[in-house]
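Here are the chains, one letter per residue:
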Amino acid sequence: MLNKSAQKKALQMAVFGMDSKAFKTLEFAMQKMGNGLVAFVSEDASEAAIFNLDNPAAQSQFDKYHRSHPENAIILLSVKDPVYADCIFVKKPFDMDGLLAAIRKAQKQKLEWISRKNSQSMSKAGASSVRIEKKTKSKLSPITPVVDFQTEKNKDRRFCGAAADVDLGEAKQRQSIFYSPAESLQGKLQMANSRARQKKQAIIVAIKFEDDIETITLLPRINKVITALDDKKLSYLCTVPLYCLEIKLFRQNMEKSRELERHAIKIHGQSIDALLWKVALWTSRGRVPAGVNLNSPVYLKHWPNFTRLHVTPGAFSIAALLHDKPMSLVLLIKLLSIPQRYVFAFYSGAIALDLVELKKAAKEETQPIEKQQQEHHPHRKLFGLIMQKLKRAG
Amino acid sequence: MSASTEKQHYKIIFTGPVGSGKTTAISALSDEQAMTTDELASDMTKQRKQTTTVAMDYGVMNLGANERIHLYGTPGQERFNFMWDILTEGGIGLILLLDNTRSNPFQDLQFFLRSFSAFIASNKVVIGVTFMDEQPVPSLEDYHQKLGAMKNSLPIFEVDSRQQQDVAILVQALLYSHDPWLGV
Chain Z
1 MLNKSAQKKA LQMAVFGMDS KAFKTLEFAM QKMGNGLVAF VSEDASEAAI FNLDNPAAQS
61 QFDKYHRSHP ENAIILLSVK DPVYADCIFV KKPFDMDGLL AAIRKAQKQK LEWISRKNSQ
121 SMSKAGASSV RIEKKTKSKL SPITPVVDFQ TEKNKDRRFC GAAADVDLGE AKQRQSIFYS
181 PAESLQGKLQ MANSRARQKK QAIIVAIKFE DDIETITLLP RINKVITALD DKKLSYLCTV
241 PLYCLEIKLF RQNMEKSREL ERHAIKIHGQ SIDALLWKVA LWTSRGRVPA GVNLNSPVYL
301 KHWPNFTRLH VTPGAFSIAA LLHDKPMSLV LLIKLLSIPQ RYVFAFYSGA IALDLVELKK
361 AAKEETQPIE KQQQEHHPHR KLFGLIMQKL KRAG
Chain E
1 MSASTEKQHY KIIFTGPVGS GKTTAISALS DEQAMTTDEL ASDMTKQRKQ TTTVAMDYGV
61 MNLGANERIH LYGTPGQERF NFMWDILTEG GIGLILLLDN TRSNPFQDLQ FFLRSFSAFI
121 ASNKVVIGVT FMDEQPVPSL EDYHQKLGAM KNSLPIFEVD SRQQQDVAIL VQALLYSHDP
181 WLGV
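Going down the list, the protein sequences come from chains Z and E. The first sequence begins at 1 in the numbering used here and counts up one residue at a time. The second sequence begins at 1 in the numbering used here and counts up one residue at a time.
Check each hint, because a few of them may be wrong.
Partial pick of chain E residues on the chain Z-facing surface, computed with a CB cut under 8 Å [as the list claims (entries may be wrong)]:
(1) Tyr58
(2) Val60
(3) Met61
(4) Pro136
(5) Val137
(6) Pro138
(7) Leu140
(8) Val159
(9) Ile169
(10) Val171
(11) Leu182
It is worth saying that the hints were derived from the structure and are not from the lab. The C-beta atom is built at its ideal place from N, Cα and C for all residues, glycine as well.
Between the sequences and the hints, there should be enough to build the whole structure, so can you do that?
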């Protein structure tokens, strides 16, 4: 049982991804209509958090918060569809009733968590009562981006998202693993690349967002890209809905294309594959394109060029398995025992690079999932030692 | 020496045409200074590099008390291919490096896959294409198509053999081709 003070206490809420004006508005609205339901505090003192996911910095802040406070309820506000099954989602535009309902849900989650924690403690210690630790209130901390682009862990989160596994057999949860590349910059870039390849001519993709115009020049003949966009900005643009961007394609003639190719070689421009791979990862964030059948066997036409792409967790195993024989994503997840988002991120990247081949029904998995198992090489121990050595060196 | 303390020796073989980066790749991975038996090139090879490997390159990765992996590089010239069978004995895999600036890298691809076909039949091979920054064509896609025409499909990567990370990825791909469950 929870004591009354725990039940009545305002939910200690941290807020991320809002500028001071938006925050003041929220604070004012809550004072007027929140009826003491919520108090805004810094991250350290928080029991829950609200993220405005459409803010460029919010994604990385969310990743960090989710990792640091796995027990806390999180409310996500976004114009996009929900991504994280374990969060409370409020789609923009929203009204106060929608937001209050989400906060009540977060409050309920907190109480349930406390209740679970109490019963665990009680059964562990045999205690008759447990005091709920009170957190001290503090002022709202400034909202600053905290992303560390260097650490591998953060990189993996940036490329694969942070979504927890979902029950793939449950229709509602299953919905959260899909996204629509066509409704993002990814779709436009893939279309531009496809056109450029057909004509073997350069295409300049001009992207206007707010007051900025950025360009990405695709050079299909030499598989190179010229762009001044850095990863931070590009990854942000991948999260912006297509209707917020103005994108135009400009095809270059042969002469201009060759001139651009010479320039790209001179400046060691990145490859189109590397660009499409990371754009797919940043857009998918551990999801798969809508329409993918998770139970159909798929085959990898060839390995991705891992020396020039971001290698996601489990990527070598996934590539080796899918290149060896067709296998469904469901089976792959089960056999590898890795988070679904790693398999989905890889698969989204592979689709963007046109590496995936669907297999016909005749070649579908012949053995039931539970009968399929790992087959180890006799030199596995030696291989493991080599891998450790390479990781240490890297 | 008792069986328990006896060192286990395994090999990874690096092959490819003259100047494809075998010596550099082995040096990138070796714990000890890689040995090479380069001598001044005196024939056609001289057009591509000043010295060439006439016997073999050798490096080693120490994996712990009892195990080490030997890295052997084959001489690039065809006239030394009598050594290849000896070198591959006991090998756990082959890394084929191809120089994209050569006049016909596809010919090199075919030549080396044919030459090592017996080894490849019972083993794994991965391909690294070097100097793609200088000469991006043929592309990796072109290589995959060529392999497809040869009824083959192998892991191929763009490689700068001076970069340890690139060479490490070749080795990892080789190991995962043998055992996809390595990290599991």
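In ascending order, which of the hints set out earlier in this document are inconsistent with the structure?
As far as the earlier hints go, 1, 2 and 6 are violated by this structure, in ascending order.
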